[in-house]
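Visitor: Here is how the chains run, residue by residue.
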Amino acid sequence: EAGVVQSPRYKIIEKKQPVAFWCNPISGHNTLYWYLQNLGQGPELLIRYENEEAVDDSQLPKDRFSAERLKGVDSTLKIQPAELGDSAVYLCASSLTRSNTGELFFGEGSRLTVL
Amino acid sequence: GNSVTQMEGPVTLSEEAFLTINCTYTATGYPSLFWYVQYPGEGLQLLLKATKADDKGSNKGFEATYRKETTSFHLEKGSVQVSDSAVYFCALSDGAGGGADGLTFGKGTHLIIQP
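Those protein sequence lines, which keep their order, are chains A and B.
Here the first sequence is numbered in the working numbering, starting from 3 and rising by one per residue.
Here the second sequence is numbered in the working numbering, starting from 70 and rising by one per residue.
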């Protein structure tokens, strides 16, 4: 069974440019998460989806960040315009909504460098 | 709010040494506790978990016991191997059933095992 797939793995852009990250969760996983991981830090939740509904986006900087999960499967995270401080790894994870193990399954991440 | 504090690294040990990575937490209610591991070039993956006080999670020779009285979930292994070199993250979830509501992570501890 395929795991969580993210693309691109690496992205280098100039500041003020837009960037988008794509995530395909594990088949059948209703819950999808986007996390931000700064260098030397643990992941921090940006947004959580239950199917196509964003049920927790309190930590998403809405002035420049946006996300969507239109059909309740794949998701896209966008930054426009990017700033130097956005350089980080963007992690996508998925889980069953009513998981009895509490396990999140993570993708390999998308590493963003803003110059 | 919820928080997780874990010992800072890097932690450098010789092969077959005993390992302890300390983790303490602050949470309202009764969280589930997790250890995730990130091997070089790979995504985060669940190592072990415990969902209630006095539970012991174990996997691949690693163990951690949920200690409510000391709000701790220290990771231990009796004899480490070079292949255990990775970054280890302690995490908690205060949602019912564990991870469906998202996880709060510690900053991570980089473990280096020398042959």
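The set of hints was computed from the structure by calculation and includes no laboratory data.
Don't be surprised by glycine CBs; every beta carbon is placed ideally from N, CA and C.
Fair warning: there could be bad hints in the mix.
[Claimed, not checked] Which chain A residues face chain B? A few, computed with CB under 8 Å, are given here: (1) Gly30; (2) Gln43; (3) Gly44; (4) Pro45; (5) Leu47; (6) Asp59; (7) Leu106; (8) Phe108; (9) Gly109; (10) Glu110; (11) Gly111.
[Claimed, not checked] With a cut-off of at most 30 Å between alpha-carbon atoms, the simulated DSSO-like pairs for lysine-lysine come out as follows: (12) B:Lys176 / A:Lys18; (13) A:Lys64 / B:Lys176; (14) B:Lys146 / B:Lys121.
Visitor: With reference to the structure, classify each hint as holding or not holding.
Guide: Status of the hints after comparison with the structure:
Given hint, Gly30 (chain A) at the interface with chain B, is violated; its Cβ is 14 Å from that chain's nearest Cβ, farther than 8 Å. Taking 8 Å as the C-beta cut-off, the interface hint given for Gln43 (chain A) holds, the closest approach to chain B being about 5 Å. Taken as an interface hint, Gly44 (chain A) checks out: its beta carbon lies about 3 Å from the nearest beta carbon of chain B, inside 8 Å. At its closest, the beta carbon of Pro45 (chain A) sits 5 Å from a beta carbon of chain B; the interface hint therefore holds under the 8 Å criterion.
A hinted interface residue such as Leu47 (chain A) counts as satisfied when its beta carbon comes closer than 8 Å to some beta carbon of chain B; here the least separation is about 5 Å, so the hint holds. The restraint placing Asp59 (chain A) at the interface with chain B is violated, with a minimum CB-CB distance near 11 Å, outside the 8 Å limit. Interface restraint check: Leu106 (chain A) against chain B, minimum CB-CB distance 5 Å, threshold 8 Å, status holds. The beta carbon of Phe108 (chain A) is positioned within 8 Å of a beta carbon in chain B (closest approach about 4 Å), and the interface hint is therefore held.
Of the supplied interface hints, the one on Gly109 (chain A) holds, with its beta-carbon coming within about 5 Å of a beta-carbon of chain B, less than 8 Å. For Glu110 (chain A), the interface hint holds, since its Cβ comes within 8 Å of a Cβ in chain B; the closest pair sits about 4 Å apart. The beta carbon of Gly111 (chain A) comes within 6 Å of a beta carbon in chain B, closer than 8 Å, and the hint placing it at the interface holds. Annotation: proposed proximity of Lys176 (chain B) to Lys18 (chain A) holds, straight-line Cα distance about 29 Å (limit 30 Å).
At roughly 25 Å between alpha-carbon atoms, Lys64 (chain A) and Lys176 (chain B) fall within 30 Å of each other, so this suggested pair holds. About 21 Å separates the Cα atoms of Lys146 (chain B) and Lys121 (chain B), which keeps this hinted pair within 30 Å; it holds.
Figure legend: structure checked against the earlier numbered hints; hints not met, in rising order: 1, 6.
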